[in-house]
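Peer 1: Going line by line, the protein sequences match chains A and B. Add 822 to the 1-based position in the first sequence for the numbering used here, that's all there is to it. Add 172 to the 1-based position in the second sequence for the numbering used here, that's all there is to it.
Watch out, some of these pointers could steer you wrong.
Here are the simulated PhoX-like pairs of lysine-lysine, each with C-alpha atoms no more than 25 Å apart in a straight line [what the hints assert, rightly or not]:
(1) K408(B) with K341(B)
(2) K1025(A) with K411(B)
(3) K963(A) with K341(B)
(4) K963(A) with K997(A)
(5) K832(A) with K856(A)
(6) K341(B) with K411(B)
(7) K337(B) with K353(B)
(8) K963(A) with K337(B)
(9) K337(B) with K398(B)
Label pairs and their calculated CB-CB ranges [unchecked claim]:
(10) L371(B) with G964(A): 13 to 21 Å
(11) N386(B) with L857(A): 22 to 30 Å
(12) L371(B) with G833(A): 28 to 36 Å
(13) Q830(A) with V230(B): 48 to 56 Å
(14) E1037(A) with D309(B): 49 to 57 Å
(15) N239(B) with Y943(A): 28 to 36 Å
(16) S273(B) with P922(A): 51 to 59 Å
(17) E836(A) with V364(B): 38 to 46 Å
(18) L857(A) with E336(B): 42 to 50 Å
(19) R249(B) with K1025(A): 53 to 61 Å
Hints in this document: simulated from the structure, not taken from any laboratory. C-beta: ideal position from N, C-alpha, C; glycine also.
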Amino acid sequence: MEKDTLIQIKGIREGLLISAQSGSWSKRKEEILKLVHEKASFFNGARVCIDTGDTLLRVTEITNIRDRLSDQGVFLWAVLSQSEITRSNASTLGLDTRLPVKNDDKEIVIKNEVARERAVYIHRTMRAGSRVETVDHLIVKGDVNPGAEIISAGNIIVWGKLKGSAVAGSEGNNKSIVCALELRPTQLRIGEFVFPPMPRKGKIFPEIASIINDEFKIEIWNKEKR
Amino acid sequence: MAASVVTITSGKGGVGKTTTTANLAVALAEEGFKVVCIDGDIGLRNLDVVLGLENRIVYDLVDVVENRCRLRQAMIRDKRLEELYLIPAAQTRDKSSVSPSDMIRICDELRNEVDWILIDSPAGIERGFRNTIAPADIILVVTNPEVSAVRDADRIIGLVEAEEKGPVKLIINRVNPALIKRGDMLTPDDVVELLAIELIGIIPDDENVIISTNRGQPVAFEAKSKAGQAFKNIAKRLKGEVVPFIQLDDKGDFLSKVAGLFKQGGD
């Protein structure tokens, strides 16, 4: 790739891949729109995917470029990014965040190997239809509503009510745990185990779910001193 | 005064978006405001039927977008109220005939002429929904006290929040005190607890709503109807008045009583 241009375009099986990884976002955005405008006949009706590098994009920034592209007859279907936040923002808008896996190894975001040392932090209520998947630990400050999905290869901590679906140790780690201030998930999985439905009893305590000796275990947090 | 654009949406179909839009429009017009309602459900229009204006449609929203008529010409004036207008949806086209920027343009054109613009959103989360959300200043999410409707409302609120639109306010429609008392229906408190947005209205289940919908005469015209009163209260809250929520039961504050007795699984 040449260094002096902000954006690169290439044809991929799914449409066009616009790679815009360096420079300020507003500059890159203008470059993309300018190019689309100049080559309107080429771009009209195109399906494009934008690789934003490691830039952190807010939802409004994504909707802005989506809408401006759509005004030019260009359909934005995916946003690729190394930033977890950008990806999560893009997926809330219903955009794809990865290309279908095939031999094109260059576009696939490589997860780092010390994954389990890191955590993704989400500071909002996860509503129905929203989904977060990470190879890192996952911390949610807020509720996870029914119909939302949270998936982590490590542990999950919810500072709020966990009522949606949760998968901890998604890559097969049965030692992972899930804890929440109110643990009443629609479905709970840890590693290879799917928890049986949990009937709700009276008072609500913060709880921790884990698998111990191949058995489901749900304990009240701080029952005794830990 | 520049108009506020209020979009009425729900996600799930059949929870009462159109009825709510029609009744709020009537209630606001009765307060003396100039109100325009826009039917955003292109291809499945029915706000005109609920308002009883079906037989007066000449031009529709798509005609305006495609410049076959001026905006004024598509505004049907209600004969019962001086300042209530409807811009109907096209019946023979689909959602893609209108874009979000068309909706913004039309609302901007109306803003200086009227006080309130109410937009009736279609069910679903696709193009039609996006069209109606784009120009909104205030979004009213209508739900029923049913698990499936609440789930869809939650999804809608998530999408609206992701677009950084708002404020988003909640209307709980078809609340049945008898069912709540027996523990067979989610209470308004249960719904508000899950959705965690501001409540702006609770509409009791009322068979008069169905009767009046069929007649094209919204219940907000009827002084005695409980549902009509509830819609009028929402109109008052929209304009900034503080109105206590109506009692659905004679025996005092049943909402808090029931909420304490009965906590159902939020799922």
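Peer 1: Quick one: which hint numbers does this structure break? Sort them smallest to largest.
Peer 2: Hints 2, 7, 9, 11, 12, 15, 16, 18 contradicted; others consistent.
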